[in-house]
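Undergrad: Construct all of the structure, not just a fragment, from the sequences and the given hints.
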Amino acid sequence: MRHGVGTQRVLHWIAVHTLAVAAVLFFALPFVFLFLTSVMTDRQTLTPSLWPHEWRWSNYSDIFNTPGFGTWWRNTLIYAVSGTTLCLISSLPVAYALARFRFRFRGVALMAVIATMMLPPQVIIIPMYIFWSEDMGLSGTLWPLIIPLAFGDAFSIFLLRQFLLTLPSEYLDAARVDGCGELRILLRIVVPMIKPAIAAVALFQFFYCWNDYFGPQVYTSENPEAWTLSYGLESFKGAHHTNWNLTMAATLLVMAPVILVFFFAQKAFIEGVTLTGVKG
Amino acid sequence: MGRRADTTSAAAPPGRPAKVKAPPGLRALRRRRGARTVAFLSPWLIGFAVFFAYPLGATVYYSFTHYDLINPPQWVGLRNWRYVFEDYPPLGKALRNTLWLVAVMVPLRVLFGLGVGMIAVRLKRGASLFRTLCYLPFLAPPVAATIGFVFLLNPATGPVDQIMDTLHIPNVGWFNDPAWAKPALAMLAVWGIGDLMVIFIAALVDVPREQYEAASLDGAGPWQRFRYVTWPSITPVVLFALVTGVIQTMQYYTQAMVAGKVASGIIGAPGQSFEPGYPQGSTLTLPQLVYQEGFSSFDTGVACVLSLLLFGIAMLATVLLMRRRAGFMTAED
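So the protein sequences, as listed, match chains E and W. So the first sequence is residues 1 to 280, counted in the numbering used here. So the second sequence is residues 1001 to 1333, counted in the numbering used here.
Hints were generated in silico from the structure; no laboratory data involved. Glycine included, each C-beta is placed from N, C-alpha and C at the ideal position. Check the hints yourself; a few may be wrong.
Said to hold, decoys possible - Now the in silico label distances, taken between C-beta atoms and shown as ranges:
1) W/Ser1042 / E/Arg102: 49 to 57 angstroms
2) E/Trp57 / W/Thr1166: 27 to 35 angstroms
3) E/Arg102 / W/Val1172: 53 to 61 angstroms
4) E/Leu19 / W/Gln1211: 18 to 26 angstroms
5) W/Trp1100 / E/Glu225: 34 to 42 angstroms
TA: Structure follows, in structure tokens:
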């Protein structure tokens, strides 16, 4: 009897660890192959061998010397940093009102926020494009991507509200009794208390901007000076047809910042992912 | 400015106020609070009007016009709508592909997310390294990840092809084969299940340990423990993952578009315009059709009809989610 339980334990251990190794291979091997290819010579990329004969690190510096690459980096940073900042500033008061004020149409407002959050961006793209290009004359620039974020982003509002609901109201009530206005309560008391939440929302928004492909494709495709990394990367592949090595090096360079940011802010990020899904 | 009088919920119980006429002081207070609420909501109120309500109305209007972005829009009544429903084969293709993605890709993602989550909670040593490794692909920017996968799976020189050859498994054309392009996209989607893994780990850790012990004492095997202890307590999360997966699939755009462009090799080649759906419409989705009609064919009216169809389908999925999760979405205490 005891022996049977012991064997079962061992078998269970073996099964779990075999599956774990298989999973790690599945998730990690693509990165390994991309990396190995990125340091091959042009000639070797056209052959079936998987291990670089000669480690060509200069592929990476070649990428930075490619015309355009630096501009795409700069544009992506401008879009991601300014978009994230504006989005936080504009979404926070809205989320606070939805979480803490009592007013008649609150339920309706919340439903509207959730509905816009779920909406594919393609639904309203035609009039938006006409608005930005014909009425505002701003197509071929980053402005049509950045300006809307100054008016709140549904996902950020929703996420911040979820965090704000978890604050104990005693603190806020105490401040109110002391005669503190709502704006001061928000800035002086609430913001310091929900710093992790703000970090998580900022990360999500930053990643969203960094990864955005559809927006730059619609608004900036006509002007390479305004391209972002996501959009430029695709044209990079087009220009280097058979040079998979250079394309893979560029691809890894686009992935790298996101992964670096993740390692520095892992906790806030995981907390945010959990809160979007299972809280409640 | 005079916000000093705010006592809000602390003073009065939150129930419905009695139906007596409010004294003037209270009415002034209410008005002031109303103004304050509007002030806090104003960024979003403006945003909602300018970047949602107006363009949605305009989309409806344009769907009844012929508009090539050069000459002013011309009213054509139901012509665009009739054209899309009666004489527009790409729509059927796009809807069938979306249905495939909903029926295959979404459940596969949930299955793998749950599976990897279950492995993660059973590991003792190296658990956090395991989680990080499985999570990383989720972070890879979609354009970069897609180009990477087109390379990995490309015929002749791709590493997957090499491995299949060594194992004597006949390779398929993946992104270049109409029958295998969607499975290749599904594989890419399964690679990025980090988000689902995280929420499943959170759900699995919440299952009370005593229940497993009790089940073991009653002689339940691993499958029975999963079926009668784990499953009942994680079904809400599984449902949530499925429904959000369906909503995301309605927006499926970037990966299909980029995979088609890179695999077909027609990006940036002068004089060539890319038609989404390569190969042979097998990766076409509704959002790509909107882009194609609006920005390649400049048929704004038809693009707007397709936009509104997309809107209807996405809203349907959203209503489903809200009914399921109504308690969570609006709960306040």
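Undergrad: So does W/Trp1100 sit 34 to 42 angstroms from E/Glu225, Cβ to Cβ?
TA: Because 39 angstroms falls inside the window, the suggested range holds.
Undergrad: If you check the beta carbons of E/Trp57 and W/Thr1166, does the distance land in 27 to 35 angstroms?
TA: Since E/Trp57 and W/Thr1166 have Cβ atoms about 28 angstroms apart, the given range 27 to 35 angstroms holds.
Undergrad: Indicate whether the distance between the beta carbons of E/Arg102 and W/Val1172 respects the range 53 to 61 angstroms.
TA: holds (59 angstroms)
Undergrad: Assuming the hint says 49 to 57 angstroms, is it satisfied by the Cβ distance from W/Ser1042 to E/Arg102 or not?
TA: violated (18 angstroms)
Undergrad: Lying within 18 to 26 angstroms: is that true of the beta-carbon distance E/Leu19 to W/Gln1211?
TA: Once the Cβ atoms are compared, 23 angstroms apart, the range 18 to 26 angstroms for W/Gln1211 and E/Leu19 holds.
The structure shown violates just one earlier hint, number 1.
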